[in-house]
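*Asks:* Next come the chains, spelled out residue by residue.
There are 2 protein chains.
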Amino acid sequence: MAVSAIIPAAGSGRRMGGGTAKQFLPLRGEPVLVRTVRLFSECPLVDEIVVVAGDVESTAELIGHFPKVAYVIQGGKERQDSVWAGLQKVHSRPRIICVHDAVRPLLTMEMLEGVLHAAAEHQAQVLAVPVKDTIKMAKPDGIVTQTPDRSTVFAVQTPQVFWVEPMAQAFRQAIADGVVGTDCASLLERMGVPVHIYPGSNENIKLTTPEDFLVAEAILERRERG
Amino acid sequence: MAVSAIIPAAGSGRRMGGGTAKQFLPLRGEPVLVRTVRLFSECPLVDEIVVVAGDVESTAELIGHFPKVAYVIQGGKERQDSVWAGLQKVHSRPRIICVHDAVRPLLTMEMLEGVLHAAAEHQAQVLAVPVKDTIKMAKPDGIVTQTPDRSTVFAVQTPQVFWVEPMAQAFRQAIADGVVGTDCASLLERMGVPVHIYPGSNENIKLTTPEDFLVAEAILERRERG
Numbered sequence: 001m002a003v004s005a006i007i008p009a010a011g012s013g014r015r016m017g018g019g020t021a022k023q024f025l026p027l028r029g030e031p032v033l034v035r036t037v038r039l040f041s042e043c044p045l046v047d048e049i050v051v052v053a054g055d056v057e058s059t060a061e062l063i064g065h066f067p068k069v070a071y072v073i074q075g076g077k078e079r080q081d082s083v084w085a086g087l088q089k090v091h092s093r094p095r096i097i098c099v100h101d102a103v104r105p106l107l108t109m110e111m112l113e114g115v116l117h118a119a120a121e122h123q124a125q126v127l128a129v130p131v132k133d134t135i136k137m138a139k140p141d142g143i144v145t146q147t148p149d150r151s152t153v154f155a156v157q158t159p160q161v162f163w164v165e166p167m168a169q170a171f172r173q174a175i176a177d178g179v180v181g182t183d184c185a186s187l188l189e190r191m192g193v194p195v196h197i198y199p200g201s202n203e204n205i206k207l208t209t210p211e212d213f214l215v216a217e218a219i220l221e222r223r224e225r226g
Numbered sequence: 001m002a003v004s005a006i007i008p009a010a011g012s013g014r015r016m017g018g019g020t021a022k023q024f025l026p027l028r029g030e031p032v033l034v035r036t037v038r039l040f041s042e043c044p045l046v047d048e049i050v051v052v053a054g055d056v057e058s059t060a061e062l063i064g065h066f067p068k069v070a071y072v073i074q075g076g077k078e079r080q081d082s083v084w085a086g087l088q089k090v091h092s093r094p095r096i097i098c099v100h101d102a103v104r105p106l107l108t109m110e111m112l113e114g115v116l117h118a119a120a121e122h123q124a125q126v127l128a129v130p131v132k133d134t135i136k137m138a139k140p141d142g143i144v145t146q147t148p149d150r151s152t153v154f155a156v157q158t159p160q161v162f163w164v165e166p167m168a169q170a171f172r173q174a175i176a177d178g179v180v181g182t183d184c185a186s187l188l189e190r191m192g193v194p195v196h197i198y199p200g201s202n203e204n205i206k207l208t209t210p211e212d213f214l215v216a217e218a219i220l221e222r223r224e225r226g
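Residue numbers (this note's numbering), protein chains in the order written: chain S, 1 to 226; chain E, 1 to 226.
Only chain S is shown next, with the shape it has when bound in the complex (with noise of 0.2 Å):
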């Protein structure tokens, strides 16, 4: 089964605080989006890659020589829309859609590849790990009304990994139904598409503020130390 995967990289980078998109940022000398292109771009089970941008010129520029990287699109509004639009590009049937955030560079290719293999047997997959905080669900007066045993209860990340034909229907239909879901994922799951967890790493984190840099620099150097 062949393999595209979509990339959203179209964050203006607003919570960095700073002007450049957080994908473009230097981490260890080499830009984030680059060094997430290189892992798709160097694994065996990925055919092409679709990289959705806010600035097609400046990203095609930075990973448009990776071979595998096969359109370098403008972005939508939404995350979703972004991956839809991408989704529009993929090459023909049958195939597996794996979504990643162009802002998670500290993806494993045991990881990556771990998760495409399962695909065979599942048709919506999420990365996923145990939340390592309590976490309490709250009303909007903010009073408590749960707090869920912690086995149950996950923080998601990318990869997500679906076959294209539940994903297109789910979502074509959350466009039909005008709905923006938290996560790719969460549309398959209201179409009552079986959505499994694969396990994740606490590694696999999203660069989202300045201390989040400094924490993946910390993971990389780890790993290059061995």
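One or more hints might be untrue.
Copies of the same chain look alike in the list, so a pair counts if it fits in one copy or across any two.
Straight-line C-alpha distance at most 30 Å; calculated DSBU-like pairs for lysine-lysine [said to hold, decoys possible]:
{"id": "1", "residue 1": "Lys139", "residue 2": "Lys206"}
{"id": "2", "residue 1": "Lys68", "residue 2": "Lys139"}
{"id": "3", "residue 1": "Lys89", "residue 2": "Lys139"}
{"id": "4", "residue 1": "Lys132", "residue 2": "Lys206"}
{"id": "5", "residue 1": "Lys89", "residue 2": "Lys68"}
No lab work stands behind these hints, which were simulated from the structure alone.
Let chain S serve as the given structure and place chain E on it in line with the hints.
*Replies:* What follows is chain E alone, placed relative to chain S:
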């Protein structure tokens, strides 16, 4: 209303991979526990501090000189046992109990005073922040059951602040029922006591891993620069 702080500091530091428990490690030159206890000691609303330790002798040596530290006592098997042990020591009623992790030294005075003032109105409060990740609930077989609306999901921190009577009653009932809660507040929730979310901060982190220390140092550095 008088306030007693209970600071569970009995952690063994297993997750740090080293022999020294996290509360004893230096953070910008000063042990974590010293920073935490100093904040409570300097808070005009706090009357007394009970520190519940794993290693009573080392702990007392480190923070016993703060004038408001009334007791340094031996902790129990679970965090809940330690808090309960601390609760036996607090001064006469009526009283507010403020439980705070030893390894959350970045709590600010403003936030501490804010939640203590709000305790005049609410008998149970927890500091919490909206979750940044998408959270999913899953069954033991790893299939997602729910992606709760993010606006209803909070990651809990400390302080957790309670009126002494409902707190003591909830702990006694938990012991009688053999229940170990994920946090103190969950014990009051199961008694039907309304628990209020008090807005925490993403800077009020719990120091668990070496990376957490990096982040904490960066935050402190930024605060010192103003």
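*Asks:* Hint by hint, work out which the structure violates, then give me just those numbers in ascending order.
*Replies:* 2, 3
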